[in-house]
Amino acid sequence: MASITLDKVGKIYAGGTRAVGDVSIDIADGEFIVLVGPSGCGKSTLLRMVAGLEAISEGTVRIGNRVVNDIEPADRDIAMVFQNYALYPHMSVRQNLAYGLKNRRTPRAEIERRVAQAAAILQIGPFLDRKPRALSGGQRQRVAMGRAIVREPAAFLFDEPLSNLDAKLRVTMRLEIKELQRRLRTTSIYVTHDQLEAMTLADRLVVLNAGRIEQIGTPLEVYRKPASTFVAGFIGSPAMNLISSRAVPHLPAAAQAGTIGIRPEDLSVAPDGPLEMEVLAVEELGAQRLVHGQTGGERLTVAMPSDAPLSDTLRLTYRPGSLHLFHPETGRRID
Amino acid sequence: MIENRPGLTLLAHLTLMAGVVIVALPVWVAFVASTHTATDFMSGTIPLWPGPHLVENYARMLDTGVSTSGTPPVGTMMLNSLVMALLIACGKIAISITSAFAIVYFRFPLRTLAFWCIFITLMLPVEVRIVPTFQVVADLGMLNSYAGLTIPLIASATATFLFRQVFLTIPDELTEAARIDGAGPMKFFRDILLPLSRTNIAALFVILFIYGWNQYLWPLLITTSSDYYTIVAGIKRMADAVDGLPQWHLVMATAMLAMLPPVAVVIGMQRLFVKGLVETEK
Ligand SMILES: Nc1ncnc2c1ncn2[C@@H]1O[C@H](COP(=O)(O)OP(=O)(O)OP(=O)(O)O)[C@@H](O)[C@H]1O
Ligand SMILES: [Mg+2]
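Going down the list, the protein sequences come from chains Y and P. Counting from 1, position 5 in the first sequence corresponds to residue 5 in the UniProt record's numbering; the numbering is continuous, with no gaps. Counting from 1, position 152 in the second sequence corresponds to residue 152 in the UniProt record's numbering; the numbering is continuous, with no gaps.
Calculated directly from the structure, the hints in this document are not laboratory data. One or more hints might be untrue.
What the hints assert, rightly or not - In silico DSS-like links for lysine-lysine, alpha-carbon gap of 27 Å or less:
id, chain 1, residue 1, chain 2, residue 2
1, Y, Lys102, P, Lys187
2, Y, Lys131, Y, Lys168
3, P, Lys275, P, Lys187
4, Y, Lys131, P, Lys236
5, Y, Lys168, Y, Lys178
6, Y, Lys102, P, Lys275
7, Y, Lys131, Y, Lys102
8, Y, Lys178, Y, Lys225
9, Y, Lys8, Y, Lys168
To be verified - To be clear about the criterion: a stretch of chain Y counts as covered by chain P if any three or more of its residues have a C-beta under 8 Å from a C-beta of chain P, and this derived list gives those stretches:
id, region
10, 76–84
11, 175–182
Every residue gets a Cβ at the ideal spot worked out from N, C-alpha and C, and that includes glycine.
Sequences are here, hints too, so could you generate the full structure?
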């Protein structure tokens with residue numbers, strides 16, 4: 001177990017592409033950190049620099065109290081779970097789990113003990129003598145996690161481990177990972193582009209955009225007080241409405257020029273509401289209904305109970321205190 | 001294509017049978033010839049059914065060979081061919097797999113140059129560079145030796161590209177997982193790459209074994225001592241008998257014997273071989 005500290009970390013790929021810049025994060029011992037952001041924002045690059053699979057171009061990475069910039073991946077005391085599992089196809093599950101330990105000359109009895117323990121935790125006991133080919137996606141994912149657990153590392157690194165699974169399995173595995181991490185209290189960094197996964201797993205979220213940190217905070221902080229229009233649009237589903245303040249009448253003077261953010265669930269139908277929306281499309285989600293429309297030339301989405309009345313134009317009101325205000329040029333939050 | 005028309009099935013079977021007959025007929029004629037005496041063949045009509053001299057002809061070849069053409073007994077030549085084919089197959093596989101490993105997994109200076117040098121050897125099979133190669137082998141005193149028979153044929157890179165292709169299909173994440181698991185380069189090669197290329201190695205072994213076994217021009221050139229004659233070159237020597245008619249029945253018996261080891265290798269490795277050619281899942 002260890003804390004991980006990233007200090008002004010940056011990555012410039014050969015050829016001059018800057019993938020990550022100026023990233024500083026202090027990760028406490030036992031914390032579950034989720035790196036989230038759209039495709040190509042540099043999440044994997046950042047994680048791989050922590051793992052040692054990618055050279056660190058700028059800044060320092062510390063695991064425990066040790067600077068690991070020039071240390072081989074195997075000696076960094078970390079374990080990684082990959083998106084496509086990366087199990088050794090010619091080895092049985094047992095050999096897959098044991099391989100890393102064998103390379104570190106762990107005594108045989110100790111290897112057996114750890115493999116048995118991991119198998120019990122992940123319920124992969126019955127498959128120990130099968131080849132990965134003979135396992136389902138979910139089972140392979142468990143084996144991949146088993147391979148990380150047996151190492152008893154200072155930190156787990158996950159790179160989109162669930163994105164090859166179907167939606168339902170993703171939800172169960174998500175919970176299992178969370179429980180597992182609770183139980184083992186191993187510091188973890190988890191990369192995903194799925195904001196829901198990020199929200200449910202994280203102790204703290206790190207939202208990345210184009211290689212830079214937009215915001216760090218607990219899921220609720222990030223949800224309630226997004227630091228920028230980027231975060232506001234990325235975290236939360238359906239996404240927050242971002243409209244010009246001109247489209248919203250009766251705003252306080254301070255909010256006159258800027259971008260207003262309103263979550264779809266903070267809007268509701270009211271006969272005398274300040275906003276009038278022309279309905280363009282309706283999505284039924286079962287418990288909820290999403291109504292898409294436009295007001296004053298701005299697109300707007302409203303989440304409402306599925307029994308609420310519908311018409312071609314709706315008058316809407318927003319929950320008091322639910323407006324987010326962002327600077328018109330920088331997009332940063334104004335409080 | 002899934003069709004279910006009896007006419008088509010019949011046609012397909014007839015075509016296949018015709019193919020089999022065309023391929024098998026010469027082999028059959030050779031076999032028949034090897035069971036007759038020399039005179040039966042010179043009489044003008046070629047017999048189509050086996051004669052009574054099978055044991056006699058084969059025993060003679062295995063025992064003494066055809067002394068008139070200066071070839072040793074078939075056993076010696078078979079052994080030479082076997083050594084040569086095995087050395088070529090194993091040597092080529094060893095060289096190719098290690099050079100492919102270097103090219104795919106290491107960034108070293110002049111890597112591109114090395115790659116192109118290997119590539120160029122593809123365009124220079126032994127037949128093309130035969131005169132200079134002979135000169136080199138002769139200067140090094142390797143005429144009439146197994147080294148001379150095999151090294152010039154091993155030193156070409158055809159198989160490097162096959163292994164390069166195989167290695168490129170192994171996902172990067174697997175390499176990275178191995179790195180995190182503490183496998184250094186050699187351990188990675190031994191524990192991951194070799195087992196994963198097992199079927200390809202087997203397929204290549206079959207192809208190279210037959211390639212080595214069938215070598216004709218090179219052994220004919222560089223062996224002058226009958227101790228190093230290979231079977232394929234030996235057949236040729238038997239067939240040009242200087243002072244009389246070729247002893248076709250004996251030549252054919254030798255040819256039949258010469259076919260056996262490649263057939264055995266193909267049958268023995270068939271399962272792995274086919275897997276190596278068709279398997280895509282890694
Ligand atoms: N080896 C490389 N050489 C040059 N540029 C690279 C390399 N690997 C990644 N990049 C670039 O760095 C940026 C970040 O890539 P990265 O793989 O970290 O994104 P990501 O956030 O993990 O995206 P995804 O969600 O699609 O996996 C991208 O713009 C990518 O094109
Ligand atoms: Mg990625």
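Outcome of the hint check:
1. Y:Lys102 x P:Lys187: Distance ~12 Å between lysine 102 (chain Y) and lysine 187 (chain P) Cα, so the pair holds.
2. Y:Lys131 x Y:Lys168: 25 Å, holds
3. P:Lys275 x P:Lys187: Roughly 25 Å between the alpha carbons, so the hint for lysine 275 (chain P) and lysine 187 (chain P) holds.
4. Y:Lys131 x P:Lys236: Between lysine 131 (chain Y) and lysine 236 (chain P) the Cα gap is close to 51 Å, so the pair fails against 27 Å, i.e. violated.
5. Y:Lys168 x Y:Lys178: Holds. Lysine 168 (chain Y) to lysine 178 (chain Y) sits at ~16 Å (cutoff 27 Å).
6. Y:Lys102 x P:Lys275: 30 Å, violated
7. Y:Lys131 x Y:Lys102: 18 Å, holds
8. Y:Lys178 x Y:Lys225: 24 Å, holds
9. Y:Lys8 x Y:Lys168: 38 Å, violated
10. 76–84: That given contact holds, which follows from 6 residues of the region 76–84 of chain Y lying within Cβ reach (below 8 Å) of chain P.
11. 175–182: This one is violated; 0 residues, fewer than the three required, reach chain P with a Cβ under 8 Å.
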